[in-house]
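Student: The primary structure of each chain is shown beneath.
Protein chains: 2
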Amino acid sequence: MAEFKLYGFGESGNSYKVALMLNLCGLEWEPIFVDFFNGETRSAAYRSDVNEMGEAPVLEHKGVKLSQSGVILDYLASLTGKFSGNNADERREILRWMFFDNHKFTSYFASYRFAKAFGPSAPDPAVMAWLKGRIDAAYGIVDKHLAASQFIVGSKPTIADFSLCGYLFYPVEESGYDTAARFTNIAAWLQRVRALPGWAPPYEMLPGAQIAPKW
Amino acid sequence: MAEFKLYGFGESGNSYKVALMLNLCGLEWEPIFVDFFNGETRSAAYRSDVNEMGEAPVLEHKGVKLSQSGVILDYLASLTGKFSGNNADERREILRWMFFDNHKFTSYFASYRFAKAFGPSAPDPAVMAWLKGRIDAAYGIVDKHLAASQFIVGSKPTIADFSLCGYLFYPVEESGYDTAARFTNIAAWLQRVRALPGWAPPYEMLPGAQIAPKW
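So the protein sequences, as listed, match chains A and B. Counting with the working numbering, you get residues 170 to 384 for the letters of the first sequence. Counting with the working numbering, you get residues 170 to 384 for the letters of the second sequence.
To be clear, the hints were calculated from the coordinates, so they are not data collected in a lab. There could be a bad hint or two in this list.
Identical copies go unnamed one by one, so any copy, or any two together, can satisfy a pair.
In silico lysine to aspartate or glutamate, DMTMM-like type, Cα no more than 25 Å apart, as pairs [stated by the list, open to error]:
#, residue 1, residue 2
1, Lys325, Glu221
2, Lys285, Glu209
3, Lys285, Glu342
4, Lys285, Asp305
5, Lys325, Glu209
6, Lys285, Glu343
7, Lys251, Glu262
8, Lys325, Glu262
9, Lys313, Glu197
10, Lys174, Asp204
11, Lys313, Glu221
12, Lys174, Glu197
13, Lys231, Glu262
14, Lys383, Glu209
15, Lys174, Glu259
16, Lys234, Glu197
Based on the provided sequences and hints, a complete structural model is requested.
Tutor: Following this line, the structure appears as structure tokens:
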């Protein structure tokens with residue numbers, strides 16, 4: 170039995186962030202498919218037994234369940250000493266970018282892609298325009314940051330990179346938002362992440378519901 | 170000269186989170202007004218000299234500038250040993266709720282309130298309805314959590330409480346969303362936070378632009 174169990178699903182970029190870290194650290198793990206699209210994360214059982222926040226991913230290790238990708242990445246970095254930054258200043262910078270990611274970089278894009286690809290009805294144009302404005306602003310900030318830096322913090326990859334890149338390795342047609350074409354520094358950085366030994370794209374690492382984009 | 174300088178403004182609940190922590194820790198600090206409503210955070214000078222993410226708050230301490238309220242709260246908790254949780258498990262729980270706050274609890278409500286009270290034009294009903302659905306879901310999760318707990322993590326206040334409560338001490342008329350009336354466990358918890366020695370409401374702690382709600 171693998172040491173780590175990862176509750177998640179292929180379409181979840183937040184689950185992919187953790188899967189990527191587990192792979193890049195060379196840890197033994199197995200995925201546990203969460204049937205998000207049929208309501209599993211909203212069920213009473215999931216909320217009482219797996220995660221009261223009703224989200225994936227959840228990492229189970231030594232009988233303890235951890236949630237929030239940022240917490241899990243931080244846990245794995247502490248445990249392995251890998252991708253964790255070189256000192257307290259770098260670790261604070263890593264945390265800073267992970268908060269920015271959760272608040273503005275991943276969140277609006279994840280909502281945009283979800284509405285475009287997987288939502289129960291056609292996305293509302295006003296909501297999509299609002300989200301797109303937020304994505305453009307957040308991506309512009311990261312693109313500018315990466316003009317002067319190989320990775321998000323310092324000169325080596327850290328969990329901040331894995332947090333921010335999570336949703337950017339999905340097929341462009343899912344979101345219709347071509348990040349790499351619009352932001353060249355982000356595109357170059359994604360190539361550097363892609364070159365790390367152990368990297369694989371989301372649907373090769375985690376089972377998906379294999380829902381085709383609808384709109 | 171005060172030991173800590175806090176770049177922020179009264180209308181910013183994220184700035185208030187830090188101001189509250191500084192007060193509750195009994196630290197000497199002074200506010201530096203950020204003229205958000207006239208574009209200061211979007212200016213090249215602010216982005217190069219204060220915060221490349223273009224946000225408030227920023228805490229200056231010993232010549233170093235820290236941004237992201239979650240990072241600043243964590244920094245102050247480590248520095249003072251106050252409101253920091255009792256052990257590694259509690260600190261992980263604190264971080265978990267702070268990520269949830271940044272992603273889903275503060276963020277959608279802050280956008281909703283901003284559009285309602287301070288936006289440059291009347292808010293779009295479709296965007297507001299979308300945000301309200303997200304707020305309802307996040308608030309429901311926290312309300313349920315607080316049915317069984319006096320504070321967010323454990324039996325004592327921590328920085329997780331200060332992160333989550335930041336936007337809930339503003340006048341209801343700013344947002345038109347009456348959290349306390351809708352979520353009784355959140356209302357009771359806010360009373361417990363309000364009772365902490367040193368607590369004060371946002372506009373008493375930080376200078377605001379004093380913009381009246383428009384819509």
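Student: Work down the list of hints and note, for each, if the structure agrees.
Tutor: Hint check:
When the C-alpha separation of Lys325 and Glu221 is checked against a cutoff of 25 Å, the pair qualifies only between copies, where the shortest distance is 20 Å, while the shortest distance within a copy is 35 Å. In this assembly of identical chains, Lys285 and Glu209 lie within 25 Å of each other by CA distance solely inside one copy; the values are 21 Å within and 34 Å between copies. Taking the shortest alpha-carbon separations for Lys285 and Glu342, only the intra-copy value of 9 Å comes in at or below 25 Å, while the best inter-copy value is 34 Å. In this assembly of identical chains, Lys285 and Asp305 lie within 25 Å of each other by CA distance both inside one copy and across copies; the values are 16 Å within and 22 Å between.
Taking identical chains as interchangeable, the C-alpha atoms of Lys325 and Glu209 are never at most 25 Å apart, the minima being 37 Å within one chain and 32 Å between chains. Taking identical chains as interchangeable, the C-alpha atoms of Lys285 and Glu343 lie at most 25 Å apart only when both belong to the same chain, with a minimum of 7 Å there against 32 Å between chains. With identical chains, the CA atoms of Lys251 and Glu262 are at most 25 Å apart both within one copy (16 Å) and between copies (22 Å). Proximity of Lys325 to Glu262 under the C-alpha cut-off of 25 Å is restricted to the intra-copy arrangement: shortest distance 13 Å within a copy versus 28 Å between copies.
For the homomeric pair Lys313 and Glu197, neither the shortest alpha-carbon distance inside one copy (36 Å) nor that between copies (35 Å) is at most 25 Å. Taking the shortest Cα distances, Lys174 and Asp204 sit within 25 Å of each other inside one copy (16 Å), while across copies they are farther apart (47 Å). Proximity of Lys313 and Glu221 under a CA criterion of 25 Å is satisfied inter-copy only: 9 Å between copies versus 37 Å inside one chain copy. Taking the shortest alpha-carbon separations for Lys174 and Glu197, only the intra-copy value of 9 Å comes in at or below 25 Å, while the best inter-copy value is 46 Å.
In this assembly of identical chains, the alpha carbons of Lys231 and Glu262 lie at most 25 Å apart only when taken from different copies (17 Å versus 29 Å within one copy). Within a single copy, Lys383 and Glu209 get their C-alpha atoms as close as 21 Å, which meets the 25 Å cut-off; across copies the closest is 41 Å, which misses it. For the homomeric pair Lys174 and Glu259, the shortest alpha-carbon distance between copies (22 Å) is at most 25 Å, but the shortest distance inside one copy (29 Å) is not. Taking the shortest alpha-carbon separations for Lys234 and Glu197, only the intra-copy value of 16 Å comes in at or below 25 Å, while the best inter-copy value is 39 Å.
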